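Protein chains in written order, with my numbering: chain A, 760 to 1028; chain B, 2 to 340.
Simulated from the structure, these hints should not be mistaken for lab results.
For clarity, every value in this text was computed on a predicted model and none was experimentally measured.
Please note that the accuracy of each hint is not assured.
[Unchecked claim] Chain A stretches covered by chain B per the calculated footprint, using a threshold of three residues with CB under 8 Å from any CB of chain B: (1) 838-852; (2) 855-868; (3) 924-932.
The beta carbon of each residue, even a glycine, is placed where N, CA and C say it ideally should be.
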Amino acid sequence: MGLSHAVSERIVPKPANAPLPVLVAEDVFVSYGGVTAVAGMSLEVRPGEAIGLIGPNGAGKSSFLAALAGQNKVVKGRVLLGGTEITQLPSYQRARLGLARTFQMTSEFAGMTTFENLLTAGMGVEGAALSNVILRHRANRAQEIGAARRAWAVLQRFDATHIANLYGRELSGGQRRLVEIMRCLMRSPKVLLLDEPMVGVAPHLVARLVRDLKSLRDDGIALVIVEHALEVVRELADRVNVMALGRLIASGTYDEVVRDESVQAAYLG
Amino acid sequence: MSAWSFYLSTLAVYFGVDVLSGISLNLQYGYAGVVNLAYIIFQSVGAYVAAATALGPDTGAAAFQHYIFAANLPFPVPLVLATLAGGALAGIVGLFSLRRMRRDYQGAIMLIVSLIALQVVTADVSLFNGSNGLTGVPKPLSWLPLSPLAYQWVYAGWVCIFCIAVYLLVRWLSRSPWGRALKAMRDQEEAAGALGLNITVLRLQVFVVGGLIAGLSGGLLVEYIGAWSPGAWGYAETFVIFTAIFVGGLGNYRGVVLGVLLVPVVFLQVTQFLPQIGYPGLMDSLEWVVIGLLFMLCLLVRPRGLLPERKPLAAEGSLPFEATGLLPYLGRRFGKSAA
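Work out the full structure, taking the sequences as your base and the hints as a guide.
Right, dumping it as structure tokens:
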């Protein structure tokens, strides 16, 4: 029995009226200088669904996530966003189509305040275009005011107005993660890719972030979360995919995959 | 007295030109993180184009020097062309040097471009008269009925007008959504791309805008000096301006003005009044030592400069910087007390 066949037997069946997947990866391969980091990974995630991606160190999780985001080149396979093939698109074009991501190392704009971080995300490409700033100044200004209002609304939603005027470099680890997530929200994404969002976050803030991410999922945003903290995955993910050596070795609910012998073997060696 | 007046007016012109250079480099490096170690060539192309389009044909009385363009265009066309030349050269250089690569590699490429440009212009006499450079550039405001000393100060005022205009324009652009996109690119390039920003285009845009200002500064300088040669634009000249913006404060245009006042004006001019020691030329050489030491001291002791980048405060219902300044501060300070 082939591995992919064994895995497909454990995939949780979807109801007939389930929405179409918003992000699809088909048989994706990623290589770095001759080393295959991702070997034939596939994934589907629907609006309002959270997929956890777990596995031992070196399984290729972050490489796969980076391939979905456009940071890594896909040497074989396809990635589709909202039905549109984005395999060869650079990351900034995928972002314009509704793909947002956080990074393993926090990626707040350290020399900008939290508010500026959000405002930059909220203005988007058109708002930041030099031609629009110069030639369509009034419309650009109106757009900026609208984005500022949304930024304050997001800050209030996450009880973060007190950090609005702090530089990114002045924030704690948890606050930086929160800024990343809030920044993604300003883009109104269809899909949010989260690469180890709890790394460096104080334990008392983890529950808060999980709650925040759940509310995003409930708002209809599709989440793909790479995470080593299994309790977070258990709390947040509707389905869990387990990777090892660049391949999918199990897929199902959290309880199903942790009981899987191949998953236990991959973690314990 | 007139000697002092002449000296101070000359200093004022150089100060103004260096302020323009500082604004340009501050926008490129302080805001966008683009390491433009070739800055001086963009100033120089402006100077050469302004000269070559004002000198007229390289025949007759001007036959001792050879140059392209060789036009005799009326004021202010040479200055406009100088500005555009700076921007155009920046666009060309930027297209191949600002691709997605590490910033240290970009800086190295810029330095190499600067060295190559110096060699090419020095070697090819037909371009801009080689190592001898161009001389006899007509004064653009000579049609005004002014004494030589009065002309000096009027020209200083002319440069000052450009400084104020460019300062206000660039500060406005820096505080705009485009300016914030530059800062995002400076701080986290990949994350900025993940927000949909095209990093390559942003880099090229800021490079061209800086190039336009550089070209303008070169045009203004050559129209004052009346001459320009490769000796005026060694790659080390860029470091003087870099030192100025670091000392003054990266990302702060007031800091740029302070840094330019301190470094190219005060520090470098003070050496002119020190007693000459050692062999001839030693004091001039020591100027470069002072610049280098000042740069290192700044990086070690106060890397953000004397006037660091100002925090753009925002309040609910306002945009960044609208809550910054004396009036908003007073409103917050006393408005709450009154309540």
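Evaluated hints:
Beta-carbon proximity to chain B at under 8 Å applies to 4 residues in the segment 838-852 of chain A; the threshold of 3 is reached and the given coverage holds. With 7 residues having a Cβ less than 8 Å from any Cβ of chain B, the segment 855-868 of chain A passes the three-residue criterion, so the hint holds. Under a criterion of three residues with beta carbons nearer than 8 Å to beta carbons of chain B, the stated coverage of the segment 924-932 of chain A is upheld, 3 such residues being counted.
Hint check: no violations occur; every hint is consistent with the structure.
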